Amino acid sequence: MRKFLLSVCCAFAVSSAFAQVPSFGIRGGIGFAKLSASNGNISVSTGSTTTFAAGVFADFKTGNNFSIQPALNYVGKGGNVSDDGAEVDIKTYYLQVPINVVYHVPAVFGHVYFGAGPYVAMGLSGKAKASDGTNSASEDIHFGSGADEFKKIDAGLNGIAGFEFKNGFLIGLNYDLGLTDIGNDGTSEVSTKNRVFGVSIGFKF
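Take 0 as the starting number for the sequence shown in numbering that gives the first Met the number 0 and just add one per residue.
I should point out that these hints are in silico values taken from the structure, not numbers from a laboratory.
Please note that a few of the clues may not be correct.
[Claimed, not checked] Cross-link-like lysine-lysine pairs, in silico, BS3-like; alpha carbons within 25 Å at most: (1) K165 - K128; (2) K128 - K150; (3) K90 - K151; (4) K126 - K165; (5) K203 - K60.
What you are looking at is a predicted structure, and each value in this text was computed from that prediction instead of being measured.
Please take these sequences and the hints and turn them into a complete structure.
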(Lines of atoms letter the chains of each structure in order from A; the text may use other names.)
(Lines give C-alpha, C1' and ligand atoms only; values in the text may rest on other atoms or scores of the structure.)
Protein backbone atom coordinates (compact mmCIF):
# COMPACT_ATOMS: atom_id res chain seq x y z
CA MET A 0 0.00 0.00 0.00
CA ARG A 1 2.83 2.37 0.90
CA LYS A 2 4.63 1.66 -2.40
CA PHE A 3 1.40 2.23 -4.30
CA LEU A 4 0.84 5.60 -2.62
CA LEU A 5 4.46 6.61 -3.31
CA SER A 6 4.07 5.69 -6.99
CA VAL A 7 0.87 7.71 -7.23
CA CYS A 8 2.57 10.73 -5.62
CA CYS A 9 5.54 10.52 -8.02
CA ALA A 10 3.26 10.22 -11.04
CA PHE A 11 1.23 13.18 -9.83
CA ALA A 12 4.38 15.28 -9.33
CA VAL A 13 5.63 14.56 -12.87
CA SER A 14 2.25 15.22 -14.46
CA SER A 15 1.90 18.44 -12.44
CA ALA A 16 5.28 19.66 -13.70
CA PHE A 17 4.24 19.25 -17.33
CA ALA A 18 0.82 20.70 -16.59
CA GLN A 19 2.50 24.04 -15.84
CA VAL A 20 2.45 26.58 -18.66
CA PRO A 21 5.96 26.40 -20.17
CA SER A 22 8.17 29.22 -21.39
CA PHE A 23 9.39 28.98 -24.98
CA GLY A 24 12.58 30.22 -26.52
CA ILE A 25 14.93 30.22 -29.49
CA ARG A 26 18.66 29.61 -29.50
CA GLY A 27 21.43 29.60 -32.10
CA GLY A 28 25.19 29.72 -32.34
CA ILE A 29 28.41 28.19 -33.60
CA GLY A 30 29.89 24.80 -32.83
CA PHE A 31 33.33 23.24 -32.93
CA ALA A 32 32.87 19.61 -33.89
CA LYS A 33 35.24 16.66 -33.73
CA LEU A 34 35.08 12.94 -34.45
CA SER A 35 36.51 10.59 -31.84
CA ALA A 36 37.68 7.19 -33.10
CA SER A 37 38.71 4.32 -30.86
CA ASN A 38 40.07 0.84 -31.44
CA GLY A 39 40.52 -1.12 -28.25
CA ASN A 40 42.68 0.95 -25.90
CA ILE A 41 43.71 3.38 -28.65
CA SER A 42 41.66 6.55 -29.06
CA VAL A 43 42.26 9.50 -31.40
CA SER A 44 40.30 12.62 -32.27
CA THR A 45 40.20 14.64 -35.46
CA GLY A 46 40.74 18.36 -35.54
CA SER A 47 37.65 20.52 -35.22
CA THR A 48 35.44 21.89 -37.96
CA THR A 49 33.29 24.98 -37.42
CA THR A 50 29.56 24.37 -37.71
CA PHE A 51 26.37 26.00 -36.51
CA ALA A 52 23.21 25.10 -34.62
CA ALA A 53 19.76 26.63 -34.24
CA GLY A 54 16.56 25.55 -32.59
CA VAL A 55 13.63 26.08 -30.27
CA PHE A 56 13.05 24.92 -26.71
CA ALA A 57 10.42 24.77 -23.99
CA ASP A 58 11.11 25.28 -20.29
CA PHE A 59 8.82 23.55 -17.76
CA LYS A 60 9.30 24.83 -14.21
CA THR A 61 9.19 22.05 -11.61
CA GLY A 62 9.91 24.08 -8.45
CA ASN A 63 12.99 24.45 -6.23
CA ASN A 64 14.84 26.25 -9.07
CA PHE A 65 14.64 23.21 -11.35
CA SER A 66 13.09 22.92 -14.78
CA ILE A 67 12.83 20.33 -17.55
CA GLN A 68 13.90 21.66 -20.93
CA PRO A 69 13.22 19.70 -24.13
CA ALA A 70 14.41 21.19 -27.41
CA LEU A 71 14.37 20.65 -31.15
CA ASN A 72 17.64 21.67 -32.82
CA TYR A 73 19.28 21.65 -36.23
CA VAL A 74 22.88 20.78 -35.37
CA GLY A 75 26.10 20.62 -37.35
CA LYS A 76 28.70 17.97 -36.49
CA GLY A 77 31.77 16.45 -38.14
CA GLY A 78 35.53 16.84 -37.99
CA ASN A 79 38.67 17.93 -39.82
CA VAL A 80 41.75 15.89 -40.74
CA SER A 81 44.90 17.49 -42.16
CA ASP A 82 48.30 15.98 -42.92
CA ASP A 83 51.25 17.24 -44.96
CA GLY A 84 49.25 19.89 -46.82
CA ALA A 85 46.23 17.70 -47.48
CA GLU A 86 42.95 18.35 -45.69
CA VAL A 87 39.59 16.62 -45.40
CA ASP A 88 36.73 18.55 -43.82
CA ILE A 89 33.60 16.63 -42.84
CA LYS A 90 30.32 18.34 -42.00
CA THR A 91 27.15 16.45 -41.08
CA TYR A 92 23.79 17.88 -40.10
CA TYR A 93 21.27 16.39 -37.70
CA LEU A 94 17.82 17.07 -36.32
CA GLN A 95 18.45 16.67 -32.60
CA VAL A 96 16.17 16.38 -29.56
CA PRO A 97 17.84 16.88 -26.14
CA ILE A 98 15.93 16.72 -22.86
CA ASN A 99 17.82 18.50 -20.08
CA VAL A 100 17.19 18.81 -16.37
CA VAL A 101 18.21 22.40 -15.63
CA TYR A 102 19.08 24.08 -12.32
CA HIS A 103 18.73 27.87 -12.02
CA VAL A 104 20.76 30.00 -9.59
CA PRO A 105 19.32 33.51 -9.03
CA ALA A 106 21.71 36.42 -9.65
CA VAL A 107 21.48 40.23 -9.70
CA PHE A 108 20.67 40.64 -13.41
CA GLY A 109 18.95 37.30 -13.98
CA HIS A 110 20.11 33.80 -13.21
CA VAL A 111 22.87 31.32 -13.96
CA TYR A 112 21.71 27.98 -15.30
CA PHE A 113 23.31 24.62 -15.89
CA GLY A 114 21.90 21.26 -16.80
CA ALA A 115 22.36 17.91 -18.48
CA GLY A 116 20.42 15.12 -20.09
CA PRO A 117 20.24 12.70 -23.01
CA TYR A 118 19.87 13.51 -26.67
CA VAL A 119 18.89 11.60 -29.79
CA ALA A 120 19.59 12.88 -33.30
CA MET A 121 18.64 11.87 -36.84
CA GLY A 122 21.10 12.46 -39.67
CA LEU A 123 19.82 14.66 -42.50
CA SER A 124 22.70 15.53 -44.82
CA GLY A 125 26.42 16.04 -44.99
CA LYS A 126 29.40 16.84 -47.17
CA ALA A 127 33.08 15.92 -47.20
CA LYS A 128 35.54 18.31 -48.85
CA ALA A 129 39.11 17.32 -49.69
CA SER A 130 41.96 19.63 -50.71
CA ASP A 131 45.70 19.25 -51.24
CA GLY A 132 46.41 22.96 -51.64
CA THR A 133 46.14 22.79 -55.42
CA ASN A 134 43.10 20.68 -56.19
CA SER A 135 39.87 20.21 -54.30
CA ALA A 136 36.86 17.92 -54.48
CA SER A 137 33.67 17.39 -52.52
CA GLU A 138 31.29 14.50 -51.98
CA ASP A 139 27.89 14.23 -50.35
CA ILE A 140 27.62 12.18 -47.17
CA HIS A 141 24.65 9.85 -46.93
CA PHE A 142 23.03 8.23 -43.92
CA GLY A 143 21.98 4.58 -43.91
CA SER A 144 23.34 1.08 -43.40
CA GLY A 145 25.82 0.95 -46.28
CA ALA A 146 29.56 0.61 -45.72
CA ASP A 147 30.18 4.09 -47.17
CA GLU A 148 27.36 5.72 -45.19
CA PHE A 149 26.99 7.12 -41.68
CA LYS A 150 24.43 5.56 -39.38
CA LYS A 151 21.15 7.47 -39.35
CA ILE A 152 20.81 7.74 -35.56
CA ASP A 153 23.21 9.39 -33.12
CA ALA A 154 22.59 9.46 -29.37
CA GLY A 155 24.48 10.59 -26.31
CA LEU A 156 24.62 13.06 -23.45
CA ASN A 157 24.21 16.82 -23.60
CA GLY A 158 25.37 19.46 -21.12
CA ILE A 159 24.44 23.15 -21.03
CA ALA A 160 25.44 26.19 -18.96
CA GLY A 161 24.89 29.90 -19.28
CA PHE A 162 23.21 33.05 -18.08
CA GLU A 163 19.65 34.26 -18.60
CA PHE A 164 19.09 38.00 -18.21
CA LYS A 165 15.86 39.34 -16.75
CA ASN A 166 14.77 40.56 -20.20
CA GLY A 167 14.98 36.98 -21.54
CA PHE A 168 18.29 37.29 -23.42
CA LEU A 169 20.45 34.16 -23.15
CA ILE A 170 24.13 33.42 -23.54
CA GLY A 171 25.29 29.85 -23.19
CA LEU A 172 27.69 27.00 -23.72
CA ASN A 173 26.88 23.42 -24.60
CA TYR A 174 28.67 20.13 -25.12
CA ASP A 175 27.43 17.02 -26.92
CA LEU A 176 29.09 13.72 -26.00
CA GLY A 177 28.14 11.09 -28.56
CA LEU A 178 27.84 7.58 -27.15
CA THR A 179 26.82 5.64 -30.26
CA ASP A 180 29.09 4.45 -33.05
CA ILE A 181 28.09 6.39 -36.18
CA GLY A 182 30.32 4.42 -38.55
CA ASN A 183 29.41 1.48 -40.81
CA ASP A 184 32.87 0.01 -41.34
CA GLY A 185 31.66 -3.57 -40.84
CA THR A 186 33.77 -4.25 -37.74
CA SER A 187 33.01 -4.05 -34.05
CA GLU A 188 36.59 -3.00 -33.24
CA VAL A 189 36.56 0.57 -34.55
CA SER A 190 34.09 3.02 -33.07
CA THR A 191 33.51 6.59 -34.27
CA LYS A 192 31.56 9.08 -32.15
CA ASN A 193 30.52 12.72 -32.37
CA ARG A 194 31.85 15.46 -30.10
CA VAL A 195 30.60 19.07 -30.28
CA PHE A 196 31.37 22.15 -28.16
CA GLY A 197 29.09 25.10 -28.84
CA VAL A 198 28.60 28.77 -27.98
CA SER A 199 25.13 30.25 -28.36
CA ILE A 200 22.84 33.21 -27.83
CA GLY A 201 19.07 33.13 -27.59
CA PHE A 202 15.90 34.58 -26.20
CA LYS A 203 13.24 33.16 -23.89
CA PHE A 204 9.79 34.67 -24.33
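Hint-by-hint comparison with the structure:
1. K165 - K128: 43 Å, violated
2. K128 - K150: 19 Å, holds
3. K90 - K151: Satisfied, since the Cα-Cα distance of roughly 14 Å is no more than 25 Å.
4. K126 - K165: Judged against 25 Å, a Cα distance of about 40 Å means the pair is violated.
5. K203 - K60: Holds. K203 to K60 sits at ~13 Å (cutoff 25 Å).
Going through the hint list in order, the structure does not satisfy hints 1 and 4.
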